[in-house]
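A.B. asks: Here are the chains, one letter per residue:
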Amino acid sequence: MSANNSFPQKGLVVPAEDEKDDNMLGMTHAILDDVFYNIIHDIVLQTHREEKIARAASAAIIIQQRATLADPNNTHDSPSPVGESTKAGKVETEAAIYENGTIYLKGNPLATTSELRCSKCGLPRLLHPTDGNGARKPESGVEYCKKRPFIDKPHHDIYGQTFQPEGPGRGKKKKDMVNPLKPKEDTPAGSQDSPAASPPPGEGPQKPIPFPHAKCQHCGQFLPVRRMNGHMLKCIGGGGRNSSRDALKKIQNGNGNGSQNGYASGGSRHSTPAPSSQPNNKNRSSPNKRDPGEDFDSDSSPQKKQKKVIKKPLVKKLKAPGMMKSASQHSASGLSFESKPPPSDVEPEEDDDDYWDRKAALKNKKKNPIIKKVIKPVKKDEKNWVGKVKADAKPPPILPPDTIKVKLEVNGKPESREESESSQTLSSP
Amino acid sequence: MASSGAVTPASPKVVKIKAAQPGVAQFGCEHIQGFLTGPPERLEKTIMHYKNCLRVIFDHTPIVPQTSKSSKGQVLTSLTPNYLCLQCSTTTTEHDCLEHGNETSHRFYVESKSGSLFCQMCNDFVWDPTLEELRLRKDGTGSFSTKKRKQDELFTDPSKEDAGVILTNTVEAPCRASGIRGIYNMGATCYMNVILQSFVHNPLLRNFYLSDGHKSKNCDYDHCMSCAMDEMFQDFYAQESTSGYSASNILASFWLSKRKGYEELASNKEQDAHEFFQFLTEELHEINGDGKPSSQQENPSPKRLKTGNETACKCIVHQTFYGKLQSTITCQNCGDINSSVESFLDLSLGLDMLSKKKSLKVSNLSVQKCLDEEYKNPERCEYTCHACGTQEAKKQLSIKSLPNVLCIQLKRFKQFNGSASKIDTKVSFPLKLEMFPYTNRARVQDSKQQNFELARGCTYDLQSVVVHVGNLESGHYVSYSRVGNQWLKFNDHTVTLASKSQVLNEQAFLLFYVIQSLA
Chain A
1 MSANNSFPQK GLVVPAEDEK DDNMLGMTHA ILDDVFYNII HDIVLQTHRE EKIARAASAA
61 IIIQQRATLA DPNNTHDSPS PVGESTKAGK VETEAAIYEN GTIYLKGNPL ATTSELRCSK
121 CGLPRLLHPT DGNGARKPES GVEYCKKRPF IDKPHHDIYG QTFQPEGPGR GKKKKDMVNP
181 LKPKEDTPAG SQDSPAASPP PGEGPQKPIP FPHAKCQHCG QFLPVRRMNG HMLKCIGGGG
241 RNSSRDALKK IQNGNGNGSQ NGYASGGSRH STPAPSSQPN NKNRSSPNKR DPGEDFDSDS
301 SPQKKQKKVI KKPLVKKLKA PGMMKSASQH SASGLSFESK PPPSDVEPEE DDDDYWDRKA
361 ALKNKKKNPI IKKVIKPVKK DEKNWVGKVK ADAKPPPILP PDTIKVKLEV NGKPESREES
421 ESSQTLSSP
Chain B
1 MASSGAVTPA SPKVVKIKAA QPGVAQFGCE HIQGFLTGPP ERLEKTIMHY KNCLRVIFDH
61 TPIVPQTSKS SKGQVLTSLT PNYLCLQCST TTTEHDCLEH GNETSHRFYV ESKSGSLFCQ
121 MCNDFVWDPT LEELRLRKDG TGSFSTKKRK QDELFTDPSK EDAGVILTNT VEAPCRASGI
181 RGIYNMGATC YMNVILQSFV HNPLLRNFYL SDGHKSKNCD YDHCMSCAMD EMFQDFYAQE
241 STSGYSASNI LASFWLSKRK GYEELASNKE QDAHEFFQFL TEELHEINGD GKPSSQQENP
301 SPKRLKTGNE TACKCIVHQT FYGKLQSTIT CQNCGDINSS VESFLDLSLG LDMLSKKKSL
361 KVSNLSVQKC LDEEYKNPER CEYTCHACGT QEAKKQLSIK SLPNVLCIQL KRFKQFNGSA
421 SKIDTKVSFP LKLEMFPYTN RARVQDSKQQ NFELARGCTY DLQSVVVHVG NLESGHYVSY
481 SRVGNQWLKF NDHTVTLASK SQVLNEQAFL LFYVIQSLA
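Those protein sequences? They're chains A and B, same order as listed. With full-length UniProt numbering, letter number 304 in the first sequence gets 304, and the count goes up by one each step, no holes. With full-length UniProt numbering, letter number 273 in the second sequence gets 273, and the count goes up by one each step, no holes.
Careful: at least some of the hints might be erroneous.
To be verified - Covered stretches of chain A (chain B as the covering partner; in silico rule of three or more C-beta atoms under 8 Å from a C-beta of chain B):
1. 36 to 44
2. 94 to 104
3. 227 to 233
In short, the hints are calculated from the structure, not lab data. None of the values given here were measured: they were computed from a predicted structure. Every residue, glycine too, gets a C-beta built ideally from N, C-alpha and C.
Next up, chain A with everything else stripped away, as it sits in the complex:
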């Protein structure tokens, strides 16, 4: 322990000369002195231990490599030096002796061995980081072990990758972003040029660690990793906090509005239907279908509203008649799905019809013979609806909205009551 020898007299804390000689003072100094000494002693000893063991191991590795090379029996293809492979032979370096698979040290490895070798790959270790704090230029022409000292550099991680996003304006403090013109330290092993010294001209500014895409286990979709959790909510969901809450809300609102029709249009907590979705509402929802005895005021008001709004959508629809036709002409299911606004935005009565449509369509697909009878009126309904759309597309037979409603009502009414309720409960998990 050379450090100790340089302090034969422990004297880390020395009282000033002009201080009075006081017993207490002297003792305090002595104790404090010893405590400091111990702390430093322990730290030095710890470091010494690590370093000396590493050096001794390096000496052993080097001589083992020599021994494997020197051994004539050993074909060169097994680079991993296993002691047993060379039974005979004695190899000696200035640091160690290799004899029959056993290695003996010679002298102090701290003095005899200057480099550290990796115990796995046998290559020398890079001792200083290539960048950042305490960086040194590695010797050229030497292949180093891939395990490198960690880089301590602001805005960079231990591998020298920057995690700072490029360009200003991404955050509050990004203005003081370091000059991104730093080359990659992370080039694979064997790169000899020191990246810290001179940035290679070919390389542009270092890019921050990219965000990869990951595959969703559930649906197999590839997504940006940052959106994974959000995706899981939709994809797997169910158990989530919000989804259950939402489902509950849906159920409650659906039922609630269904029974309390008074609030439905004006005071409903739902967002009022957007004008664009109004025609659909208008077409299929029938305020009259609500229990007429319950509330007349509220009944009348939506009608007025709809009357007002209806002209605009008509014009809109004219713009894309082909789309509508093609979509509507197909199966009932296609139609019902296509025209169906998201359930949360939907008014309850419309829900009824909608679910009904959907259900019917599903049943239709399944081709359940028993339900065929039930389906018939619905189909009529649909045709009617389709016809209406067509009619909208072609100006001539403009029917006053009321009449359509009545028609719808007539067609849709028979089973809609009971069916709607059941379908609601079915569809909302």
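Following the hints, put chain B in place on chain A, whose structure we already have.
C.D. replies: Coordinates of chain B only, in the frame set by chain A:
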């Protein structure tokens, strides 16, 4: 160094020099080589002597090795290290060491603080593999026997297994793969990342998964969490990649697990890291333990396994995290003692309660003080003695058995009047935690007569720290983990170096301590 302890299974009585290993020199220096390779009696005697020296150093009060007699017969106790002669029973100061060597030509000494071997001919400390192993074992576990604690079966001795099988069936991990990588944030999943990072750097879990503890090929559970963990460990320790890891499989398994009591945890909102920790341990317990996921465990409360006799579970989670608490209720009137044992996954330390007490100053709260409060000092409790019916009783909590990895939670989040708030009190925590005072053995024994050997086995090293920054609404989890002696800061996918002081100054939320004999 303990990890490289591939020792030939020698019966403790036969003293042997550590078997030759490729890449490791046989002896610490030429001189100790000449000394140990002499007649076998000398080797035996030396090792015995060294063990004795270590016992003196580690098993007794430090006064004994620190006291020496000078050549004039003067007794001297010093604070700085002394040197114990390996060849006779003399203790010398650093000064007299050389003198003693010249007189008796005894050249090997044992340093009195750490037990390290000093060779006078090298004039340097020597780290001989044979003796160093003894020292480390004594220092770490408090005894020389190779039989470790219950974790022993987790470390299957590689020499016992067929080396050939290992060689042919395994691939050496590249040097670059160090297990240090970030984990991408998948949208408010930092609570998950910090726990996963602490798992990755947990030596027990790492060894379990890297030694094929969970056989993914034979696993037939859909979206098995343990398979996902296995994959993560493989990725961390076998891949050269330095970029982050996307733990999407773990997230998917998490979402799909639908564990009772944790259903609300899976969401795209910020969650409590501690709750996720509990979830993860429980999930892994059920997959790896005897209880299959299909047969839901009978315990109704997921937070704590109430029954103490559930030691039967040998799963990795139980071996790693679970300890046992003993609560003893003593009636103040008749002295009737009622004690119960329950196993614990972590120790939760309340902060708000403590800071209210006047005895503790809020300014310098430490983990030890919190532990004192909960596991050392008895508290009054509401209890009706069934023997005499008095309601005066004292409740004493103590730790019956310590886990290999001790998780301490500082309750930084409290519910008050229905609204949650965060306690920002700074709580200092040590790098080395002595848990012995909180065990029930410490209670039984007289505090004056300290058992150094036992206490040494109850020393924990800090391994990981989980920190919550920010407030409740917009917070973020960051974790620190130790790799060797280097501390690293993990902030989602970025990994940076951290200093010890930086770590110790953080407002810790979860602390993971690993028992010293493992670290």
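A.B. asks: Hint by hint, say whether it matches the structure.
C.D. replies: Right, here's what the structure says about each hint:
1. Counting residues of the stretch 36 to 44 of chain A whose beta carbon lies closer than 8 Å to any beta carbon of chain B gives 4, which reaches the threshold of three, so the coverage claim holds.
2. Closer than 8 Å: that is the beta-carbon criterion, and the stretch 94 to 104 of chain A has 5 residues meeting it against chain B, so the requirement of 3 holds.
3. Given as covered by chain B, the stretch 227 to 233 of chain A passes the check, having 6 residues with a CB less than 8 Å from a CB of that chain where 3 are the minimum.
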